[in-house]
Amino acid sequence: MILIPFVGGVACLLLRGRAVAWAGLAASAVTAWTCLPLLRHVWLFGPVRIDLGGWAAPLGIGLYLDGLGAMFLLLTAIVGLLVGVYALAFFGRGREYARMEPYFWPVWLVLWGGLNGVYLSADVFNAYVLLEMVGLGAVGLTVLSGTNDSLVAGLRYLLATMFGSLIYLLGVALLYAQTGQLDIFLLAESVDGSFPVLVAFGLMTGGLLIKAALLPFHFWLPPAHAGAPAPVSAILSGMVTKASFFLLLRIWFVVFPDVTAPVAGQLLGVLGAAAVLWGSLQAVRQTRLKLLVAYSTVGQLGYLFFVFALLTPSGGAAWSEGWASMAWTGTVFHVFSHGLAKAALFMAAGCLLLAMGTDELAAMRDIAGRLPVVTFTLGVAGVSLMGLPPSAGFVAKWMLLKASLASGQWWWAVVIALGGLLTAAYVFKILSFTFVPVGGDDSNADTAADERQVSRNSGIPELGPVPALMTLSALILAALCVLFGFRAEEVIALLLRDMGLEPPFDAVLMGNFGGGRP
Amino acid sequence: MTMTSWLPLIVLCSSLFTGLIIFLLPEERSGWRTALNMTGATVKVVGVFVMAWGVLVQGAVYEARFTMGLGFDFVLHVDLLSLAFVSLSSNLWFLTTLYAVGYLKGSRNRNRFFGFFSLCVTASTGVALAGNLITFFIFYEFLTLVTYPLVVHQGTPQALAAGRTYLWYAMSAGAVLFLGVVGLQTLAGPYDFVSGGVLGSLEHIGPWEARIIFALLICGLAVKIAFVPLHGWLPAAMVAPAPVSALLHAVAVVKAGAFGVLRVVQDVFGKDFAAQIGVLEPLAAVVVATILFGSLRALMQNELKRRLAYSTVSQVSYIALGAVILGPLATVGGLAHLVHQGIMKITLFFCAGIFARSRNIHRIDQMDGLGRTMPVTMALFTIAALGMIGVPPVAGFVSKWYLAQGGIQAGQDWVVAVLVLSSLLNAAYFLPILHRAWFRPCGGEPDLGGEQARCGIWEAPWMLLLPTLATAFFSLAAGVFAGWEWSPLGVAEMITMGRGAFP
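Residue numbers (numbering that gives the first Met the number 0), protein chains in the order written: chain A, 0 to 517; chain B, 0 to 502.
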């Protein structure tokens, strides 16, 4: 799982020309393929634990996969494979892109291996190592195009991510000094509410928050994501930010479930709310498509942090409530739907960029008529981001809203609704440009439609060709958003394969909460 | 799955697939597109007819249910109320498609137009067939999404601005409605629409919780039904092509709002429970204000489509009026008006489209003598306008009569005063148009200016005229044959009485 992409990455280093791309794609396919038996195992039998080299926990390196990890793994596999297909077409488009190709594939595969590793690792230090790999890989991808802007963005990204890792590592070290454990389950048993442990907890959380780009730490994200080539942006926004969030979930709810204070949870919730509003507002203000989509990531990531506020009103006791599982599922489902939708958006944006040569929104005149499939992709992914039915985003939003109402924290519901509105504002901002016809005043179209000679091509800047593979892979991602909206049940079932806490998930989710009134 | 669960799906998908396939067609294949559209529309009409037959004659139950795994089911359920709405929308879809094919001949982006047009009908079918509030909400939001491309279809700055207005209203309302739906589900758990309401029987719901939820739900619906402070998008959306206006006003958007209010008041809260927690009076005040305000504003418009738009604001609230007056007769009147208003208003918009398209007439002061140059179209316009005023025997009279009777029956005599007043206003803004058209000498072509080709008879092409003729005929027939068991009124009576809402 972790090794295949690494091996693939090395292989890519050795090859030349187009062979790199094919080898990279093959490695992607194999990686995605190897996920399947693991996912199937989790689906059928619940969590898996493997101790490498036969050594048991405090000594050996443990790998562990539960429903939560499986969801992230699945997301990475889906998006990763499609991004691979997309990248194959994207980089095969001429010298400028071909120059980046030999670097893209190895770095990307290493990054993928790191991601898988984070989701599989059962101890906080290994997770750090792998996360570091992800971070460095991400920086490498950011500077891929080698332009000045991307170098600056990459440097900012590098500093932010290194700083975050450093703080996290400090936390880990402190924790190790206190407890002598690194394995998440052994830690969960041995942490107490003592001061050093709290500090460690705070440090680890803080470090991960920086890496996850929660509001005050979001400064590095938009330039980095917007400046990178399209497949890279899709990877960064769709997957990389999720890795840190995954560790946050692990640490908060597996390692420190009894330590987390309601105040801290509420604080993260407030930051999340601020991120939702601020990020979305910034997105509305943008005039360039990719920056807009990047700010949208800042906003959408904000939703994820409500879970900390929702789940920690009274320590571990909250798990016994029905809405707790709602909040939990909703959040992870949001990760899932956002990953798909955002990758689709960035990929569609990449198609537009190729076609138009610019990603100025104002240049997108009449795109709806000329690139209908890309527009459709934008639209569907946008709908999922807005959380409108029928899409995966709707499912996530539904669960989050319901959880916040049922837990009596209705103010989150208001923020979620507002955030949805703002999201609608920027998504429709994109779409409205696509409807502007090119050339000619159409104001009399209502009256004189038949007399008017429809002049299709007068004064329209020619669109560059867009490889069908690119449009297609973006479209598939968008279609998956809708599909998972309808078939949410299975994904949720996968998630609920026991995450080591044994909260009463089973029937509660399916039915009415009865007593869970505000 | 048996036939009884397939049929609602077929009816839903007949327009969904049509829409999706149309997107894939090359723009030039207008023959294919038309054929596809008409096939879809025919399948839908037939499907609805079969369902109606099954429900009314054989007592069959049509239901398709999917578990979403989120604590609710996705339910398509056919009851009498949904039957009324879905037969309205399927028949009018058929006619409007015919009309639109003629109307948009030769203009660009027709694939997009007809694609979204079909999706729009899908959404309104979904709204009609939704078996619970959540399914309703899903289609309601879907409706917002697919209407937007139609509103901005022209792509002019004006159209884009109108589209933005529409979105702001609709999305905000959607968010509010969503809160209401989630809140209700949190309070009451999953439930299906049940005639007479479900909330009344649940003890653990406090009156204030119920009131807040009611307010959220109605506010969410108020935008689409265009209740007064929230009606601003409707006149703005007039920049859309005439078939879209027809669709917006008669079949899809406004009707979905009205339908939603009916569902919420009657099938979720139940009139008795709603009256008990005292939410009907404020709603009634809003409804009355809307009826009068809409008519007053209509009076001030000079542009024909805008006048019709404000008239819609006022007329659709009659449907809601039926819902807020206690007692069965008013309910019958409101329900019947759901259909009556649809067929009359679509006739008016069809006519307005014909005027605009063939004569470039947009304003009322251009309509002098139109009765002589376009006698057939103007006659149809006249029928529908008279119906709106409430002149017997056109359909509008019947619904107003029942509403008034219902008001008296419930001891709410103010209803009669409102109806009389608004009918006077209706007359005040429709009669001058008729007077101009029939009794003034014709003013000549506005764009030709000179004396030439002034007053010759020039009728619209049959593709535009035929649907208009049909809807005008329906408006007349629904009034004349109101006593018949299968007329809209008859069905409305059946819905009200047969469902046991009022013992």
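One or more hints might be untrue.
Over the 12 Å line for every Cβ pair with chain B, so calculated as not near, a few chain A residues [unchecked claim]: (1) Asp191; (2) Leu353; (3) Arg364; (4) Pro371; (5) Thr374; (6) Met398; (7) Leu420; (8) Arg486.
Pairwise CB distance ranges (calculated) [claimed, not checked]: (9) Leu468(A) <-> Leu298(B): 40 to 50 Å; (10) Trp21(A) <-> Trp31(B): 51 to 61 Å; (11) Pro460(B) <-> Leu35(A): 40 to 50 Å; (12) Ala361(A) <-> Asn301(B): 53 to 63 Å; (13) Pro156(B) <-> Asp148(A): 46 to 56 Å.
Worth flagging that the hints you see were computed from the coordinates, not collected in a lab. Beta carbons: idealized from backbone N, C-alpha and C, even for Gly.
Non-interface claim for arginine 364(A) versus chain B (Cβ beyond 12 Å) = Since the minimum Cβ distance to chain B is about 8 Å, arginine 364(A) lies within 12 Å and the statement is violated.
Cβ separation check - methionine 398(A) to all of chain B, threshold 12 Å = violated (7 Å)
Can we confirm that no CB of chain B comes within 12 Å of the CB of proline 371(A)?
-> At about 7 Å from chain B, proline 371(A) fails to clear the 12 Å cut-off, so the statement is violated.
Take a quick look at aspartate 191(A) and tell me if its Cβ sits farther than 12 Å from every Cβ on chain B, holds or violated.
-> holds (36 Å)
Falls inside 40 to 50 Å, the C-beta gap from leucine 468(A) to leucine 298(B)?
-> violated (59 Å)
Given the range 51 to 61 Å, decide if the beta-carbon distance of tryptophan 21(A) to tryptophan 31(B) lies inside it.
-> violated (40 Å)
Is the nearest Cβ of chain B still more than 12 Å from the Cβ of threonine 374(A)?
-> The claim is violated: threonine 374(A) sits with its nearest Cβ about 9 Å from chain B, within 12 Å.
Note whether the CB distance of proline 460(B) and leucine 35(A) lies within 40 to 50 Å or breaks it.
-> Since the Cβ atoms of proline 460(B) and leucine 35(A) sit about 59 Å apart, the hinted range of 40 to 50 Å is violated.
Minimum Cβ distance from arginine 486(A) to chain B greater than 12 Å, as the annotation requires | violated (8 Å)
Verdict on leucine 353(A) as a residue remote from chain B, using beta-carbon distances over 12 Å | The assertion about leucine 353(A) holds, with a minimum of 22 Å to chain B.
Closest CB-CB distance from leucine 420(A) to chain B, is it above 12 Å?
-> violated (5 Å)
For alanine 361(A) and asparagine 301(B), compare the CB-CB distance with the range 53 to 63 Å and indicate the outcome.
-> violated (35 Å)
Violated hints for the displayed structure, listed by number in ascending order: 3, 4, 5, 6, 7, 8, 9, 10, 11, 12 and 13.
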